[in-house]
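Colleague: I would like the entire structure built from these sequences, with the hints used as guidance.
Sequence order for the protein chains is X and P.
Just so you know, the first sequence maps onto residues 1105 to 1704 in my numbering.
Just so you know, the second sequence maps onto residues 97 to 791 in my numbering.
In case anyone wonders, no lab produced these hints; they're calculated from the structure.
Heads up, a few of these hints could be off.
Stated by the list, open to error - For lysine-lysine, the following DSS-like pairs were computed, each having C-alpha atoms within a straight-line distance of at most 25 Å:
(1) Lys1160(X) to Lys1184(X)
(2) Lys125(P) to Lys461(P)
(3) Lys1641(X) to Lys497(P)
(4) Lys497(P) to Lys126(P)
(5) Lys1641(X) to Lys184(P)
(6) Lys207(P) to Lys1641(X)
(7) Lys497(P) to Lys461(P)
(8) Lys325(P) to Lys126(P)
(9) Lys693(P) to Lys1487(X)
(10) Lys1641(X) to Lys1487(X)
(11) Lys575(P) to Lys378(P)
(12) Lys1641(X) to Lys177(P)
Unchecked claim - A few chain X residues that face chain P, going by a derived Cβ cut-off under 8 Å, partial list only:
(13) Glu1118
(14) Leu1133
(15) Leu1166
(16) Arg1486
(17) Phe1489
(18) Asn1511
(19) Ser1512
(20) Glu1538
(21) Leu1604
(22) Met1647
Idealized CB from N, CA, C, for every residue including glycine.
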Amino acid sequence: MQERNPAIDPIEFELFKNAIFSVADEMALTIHRTTYSGVLRDNMDYSTAFCDAQGKLVAQGLTLPGHLGSMPTALAAVMKKFADNMHEGDIFALNDPFEGGMHLPDIFVFKPIFFAGRRLAIASTICHHTDVGGRVPGSNASDSTEIYQEGLRIAPMKIYERGVANETFFTFLERNVRVPVKVFGDLRAQLAACHIAEQAFLDLTRHLGAERIVALMAELIEYSERMTRAAIGTLPDGVFDFEDFIDDDGIDVGKPIRLYVKITKQGEKITADWTGTSPQVKGAINNTWSYTRSASLCAIRSILGVDIPNNEGVFRCVEVIAPPGTIANGVLPAACAARGLTGFRMVDTMFGALAKMVPDRVMASSDGGNSGVSIGGYDKNRKPFIFVDFTCSAWGGRPWADGLDGNSNIFANMAGQSCEVIEAENPVEIPCYEFIPDTMGPGKYRGGAPFRRDYRLLEEEAVLQVRSDRRTFRPYGLFGGQPGKPSMNYLDPDGANTVLVSKFCMNLKRGDVFRHEVAGAGGYGDPLERAPEAVVKDARNEMVSLEAARNDYGVIVDPRTWTHDAAATARRRAELKALRRGLTAPPVLRQPWPDAIAAE
Amino acid sequence: MPSYRIGVDIGGTFTDIVFMDDDGRFLTKKVSSSTDNYAHAIIAGMEEVFAEARIDKAEALEVLHGTTVASNALLELTGAKTGLITTKGFRDVLEIRTLRMPRLYDLHWDKPPPLVERYLRHEVNERVDRLGNVQVALDERQVEHAIDKLVAERVEVIAVTLIHSYANPAHERRIAEIIRERAPGTKFCISSDVLPEIKEYERTSTTVINAYVLPVVERYLSSLIAELKRIKVATPVLLMQSNGGLTTADAAMRMPMNIIESGPAAGVVGAQLLAKRLGIGKVISFDMGGTTAKASLIEDGEVTRAHEYSVGSGIMIGSRLLSGAGYTLKVPAIDLAEVGAGGGSIIWIDPGGQPQVGPRSAGAKPGPACYGQGGTEPTITDASVVLGYINPGFIAGGTVKLDAGLAERAMLDKVAKPLGLDLPRAAHGAYRIAASNMIRAIKAVSSERGRDPREYALVAFGGNGPLFATGMARELRLKRVIVPPAAGLFSCFGLLCSDVEYHFTRTFRRLVLEADLSEFNRLVGELEGEAQARLVADGFPAARRVYTRTAHLHYQGQIYDLSVPLAAGALTAKALAELEEAFGQEHERTYGHRAGKEEPVEVVSIQVIAHGLPEMPRVPAEPALTRSNGKVGSRRAYFGPDVGWLETPIATRGDLATRTQGPCIVEEYDATTLVPPGAAAQLDDFGNIVIDIEG
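Modeller: Next up, the structure:
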């Protein structure tokens, strides 16, 4: 246990902590319940927070791991411009990735809170908006090559000045987005959340006094820092690195993109250094530094094993280095709308490096994060439709259990859309949504199962746009666990079944069926050590074929009794071991074993 | 000859039984629950009351029952072996769920196991589109094959959920026929009967839950009814539903999904009745027992309801943002916010050196340290003993003795010393932190919905509710706390005071101002027809059948909706315009903003609620109260560093007939009420303790 600040009453502090996080959550609920945007609701793609008067994060609501740490960067940009020009009734907004933002659809809204004329805190919100203009509906395209194609850039500015709306801003916005009703509806929700935060915070301040509030906010940051330091302190010191590759950026097709991280752990501090990562790319998958930091923090938080309030105190213990001009920290005119892909893959890269530090606390590679499918066009009355679907499913095998089947990626907190609702609201039919057998990376603890989803177009014509990955570079396995099967795209799966690339844009005609298959996650540990009962269960559930049970796991399953033949299994496992010719698997397997060994 | 209504509320440890006569007078009995077959304890307890009070069994009018048998089957995964038949391509909907997880940054998260394993989920070729048109005919050979396989696996019940069956149930009904013909002994549930609403996961999950608990509930209720017959209590048995209304045993056996949250609902209904009797428009009910605390909102005599909830999601602070745990059940239920805080909640120090309370509980074994059953971790009950709030010699009227020394030792070693605080200060801190955790439940049902909790009265019950209510009221600046008589048995009174109630909902997506009036009226008429048929089947004459209608609405494009009452009679264009305006007002009230006139409002669904009223209103009379005749004792109690220790009078409820200034502690058989310094308490005409927080 760490030393507390003796000037702070632990009881009063705990009550304050409870109160301030409850307000941050209340803000988040306000947005959640009034949103117009499926992205907001289903992907929890918004966040709320309290920052102190200088913009340091004090408390962040429980929403999207991908936003962890985004607020201070955005607020710093506001502070830089307006620190001396901030008044009661001012509200600020921005979305420019090159001045505090993340990518253009994410609009930040900040409201400074004053008590007796003194600025005490800043209520902060970020929401992913349905559309911010640009060349493609949804402003989310992965094939833009410069930010100017991606939509309206909002530099840090006042959208309310001393309580008066900045009509110029709102008019510009209204004329430059495709669905102003939705965008304005969600902006209203952000403003309402800030208003609620202000009321609650002022109430708390009247109760405790301004000086106490300021001291308690500072202590909340210190408290998180103490917790984080203590947790990091128990980890082994050293330098641990890992590299992985994104298949390509969809523009330079077939050109792998390197992700490389070097984690240095010394005492109570961790540094994640992304130097060595690929230069920024043409496609719209370039990160901002803040997003690279979110990904790095997400992985580190996941292995700390304690519940630490999210704030500046955590950031102080984790340094994230991302050289400008790399895909980890793009510079103008880097396109970044679809940078989600890179963020998800960075979390996997972090786990790969952390596996060397704490092999018993990480998971093998997940499915690689969200695939994005969008189908858009105009109906016969020239009314536009935009259907956007994000899918992810599989966690990597863990040192203590299988990877999860059909679960949000750990970097997100997303929900899948109901097939019936998709069909009710879009000219799209979903012929199937189901797990794909024999795709999970075998392991003592196997990788999670991916699913496939088919989409049939019911309108005359539409543009299909797909952002997926993990085709060439499959989700890696750890410590003998094997990689999962690659992600796949097909046209007309029940007919010609043409294989499509991982990132593309194409025209669909009425009746065309597009099939997307998520990648299987990597396994953890030697599959020959998997409990035979677990293999039998998977076989009975038709998740693992009898053949795969025999060849991947060395388990001979009797499909009449759903038991395994112990003697035959022992023989088969010995046989498979012999095929390895005494070689041992490397800690990370990117290709199926033992072919991978033979290739080396 | 008097007649008696009998309320029976089963909890994990105790079964509460209350007999209420025509005049509202009541007799109570608390017996240990018989967990192998709950009916045994009920029968034994009732027999005791019949014998002790010399009541003729012919005088029993009805048995009103709140039960955890369905939720236990789900929580302990002891339901029936269940099969599922679904549309080709959708075998895994049940297991994929919504992808959502309830915990962030947690690699240890595991999904709850599916209630039907994949090998018991069978696909059949068929397809209906969103408008109900058949695109692919049902392949009956595949249906037969699936049924044969499931029968060979000895499933007890088969759930059937096909895509878009809410729009056209023909295929599901045909499958039901085939099951009946081919496997006459096998029970089944089809989703278009259970939940004819859009969203395949929610519909599948709800149908599967219904199927999974159906045989368990059927066995239990049949056995209870048989046992009642055996002891010559030939009354109807009515069950409390999650929505706060009663249902017949027959209906509960068909749709057991409606009685999953039977227990917690009864207390809220009791608070609702209390609010109506006292004429208070704004009430928050607060029910705190040994492991959890639950809050709910009652406005203008109406409880608030959720359309959907999760069973067994665990209890965590902030959980309203983080869904994905437990089993999704889309049936109307009283909207309760729950936190893991109760008398048994453990007080501990986190790695950052901060005191925390719960959600871990010492449970019944070993229980709080002061129980002397080997527990060494301090609990909220231990803190309350240290503070002098709980009398170690007077738990359950003195039948349980507590060891104050053990409470002090645990609090000192595990909390006070690590924090560097003296013992009373640490105990008081724990009391306040527990209160602040529970405040999050109260905020969840009030300020998170745009309601200012300061305008509400807190009705506190459950074994620990009256002990904490005043502390919470202070923090939230609520003005009034009401502690009803027999607060620890209050849920049972809720049972005795409820009405039969059924909910009928239909998806109906139209812009309010563009809706076809005749279509709208026809749908409402159909729903009311169904509602009427149900009440008639239960034997309610026309004079005792009442209906209310509600529309669920949102701005077009929004995802969540709000409920607004729908005018009675045939709907007119004017009524729809008023409906749109009422929605705008509700949106502003709940979220603090509304859209302009140019944004169209959309109806999402229509709901009709049918109420079956009893012949005579079910209302309890005021209890006979005892006074301590001036022989008031006292003991020292601690009220925080600003006030310190005070010699605090100990009173009975009857003593509060005269207005009493705090501090004061009211000790009763089933609960302890704390009136802090500065507050004042007095009984009202119904025997409730009314505490004015500001004196």
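Colleague: Honestly, which of those hints from before does the structure not fit?
Modeller: Of the numbered hints given earlier, those the structure breaks are 3, 10, 16, 17, 21, listed in rising order.
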